[in-house]
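Novice: Sequence:
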Amino acid sequence: MKMEDEVPVIDLAGTQDDAGLKSVGAQIAKACEEWGFFQIINHGVDLSLMDRIQEAYREFFYLPPEEKQKYLVDDQFQGWCCPEMSGHARVKKIGLITPETCEYMYHDVLYGDPDRQNLVPPNPPALRATVLEYATQVRALQERVLAALSQELGLEADALRRLFAPADVGIRANFYPLKTDDNTVGVLPAHSDAPVFTFLLADKVPGLEIRRHGRWMQVEPLQNAFIVNVADCLEVVSNGRFKSVEHKGGGNEGRERISIGAFYNPARAATIGPVAQLLDESSRRPRYGSARFADLQDQLVAKGVHGKRYVEALKIPVEGS
1 MKMEDEVPVI DLAGTQDDAG LKSVGAQIAK ACEEWGFFQI INHGVDLSLM DRIQEAYREF
61 FYLPPEEKQK YLVDDQFQGW CCPEMSGHAR VKKIGLITPE TCEYMYHDVL YGDPDRQNLV
121 PPNPPALRAT VLEYATQVRA LQERVLAALS QELGLEADAL RRLFAPADVG IRANFYPLKT
181 DDNTVGVLPA HSDAPVFTFL LADKVPGLEI RRHGRWMQVE PLQNAFIVNV ADCLEVVSNG
241 RFKSVEHKGG GNEGRERISI GAFYNPARAA TIGPVAQLLD ESSRRPRYGS ARFADLQDQL
301 VAKGVHGKRY VEALKIPVEG S
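No gaps in the numbering here: position 139 of the sequence shown is 139 in the working numbering, and each next residue is one more.
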C-alpha cells in the first residue's frame, strides 16, 4: 500500500501538558482536513482496560439470545439489537435497524445520570464497571484532542469543549460474524457519524472501510491504537475546515470481529453551528446553519443512518447553484 493510501498515524507520546499537545495540534488538524480519519498511538488510555472491555463485550455477545433480549434497545436507542430482531415492534418503531445490520449494543454512559449507567447490562458481571471506567478515560483523551483542535482554529483551548458541554460519551460495541460470499447480514452501512468525533477500538481484525476520493479503502487497525474520525458536528462548527467522512463496517472471512466506538456527543441542548470567531462577511461566510443537537438527533431517527445526514440538514445552498 502506498503511503498516500494509509490513514495518518499520530503519536501522542509526551503530549500530557499543553506545550506537548500543541506540538501535535497541526498534525491532528491536517488529518482532520485532508482525511477526516487518523490513528493515534501512545495515547495514555490503560492498555489492559482496552483488552478488558473487548473481552467483556465478547462475553456479552456470546450469551444466549434469550438473555440478551432482556436488554433490547429502547426508544432512546439504549440497548442491544441484532438482525433477527429487526421485525420486533419496538425495534421497528425507532427505525434504525435493518435485517442486514450487525449485532450491536449502545449506551450513553457519562451524562451523570445513574439510571442511564444502570442500563448497561449486569451480565457479564464485569461489563458495567468496565464500560464506565473505559468511557471516563476515553473522554479525557477526547477532550485533549479537542483542545488541540480548538487551538488550531485560533480559539481558546477549552472553547470547543464548552460549546458542547456537558458532553456525553456513547459506547457502541459491534459484533460481526464470519463473512461468507453470500452473507449480507452483519454489516454497518455507509454513513458518517453524527456527533463531534468517534474513537474506535478495533480488535486487530480488518473490516472498517472509508470513502476517499470516490472509492472505498480499508483501514488496517494498529495494535493498541484508536482509529479517530471527524463526525458531522465537528465539520459544522469548524465551518467545513474539518471533514466528516462516510465509512462502513463489515465482517472478515477469517475471523469474527468486534469493534467498540466511543462517540463524543454534545449536550442535547447544545446549539450546533459554525463558531462565530471563524466567520466574517467576505471570504469566510457560514456554510451551515444552526440547530439544537436534540433536533438533529430527531432528524436522524426520521431519515435513518445513511450518508452525512447532519451536514446535509444544515448545509446552506450556494447562491446560483
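Errors might be hidden in some of the hints.
Restricting the straight-line Cα-Cα distance to at most 27 Å, the calculated cross-link-like pairs of lysine-lysine (DSS-like) are [said to hold, decoys possible]:
# : residue 1 : residue 2
1 : K315      : K248
2 : K70       : K30
3 : K22       : K243
4 : K315      : K204
5 : K30       : K315
6 : K70       : K315
7 : K248      : K22
8 : K22       : K70
9 : K70       : K243
These are computed hints drawn from the structure, not numbers from a lab.
Novice: Of the numbered hints stated earlier in the document, which are not met by this structure?
Specialist: Per hint list: 2, 4, 6, 7, 8, 9 violated.
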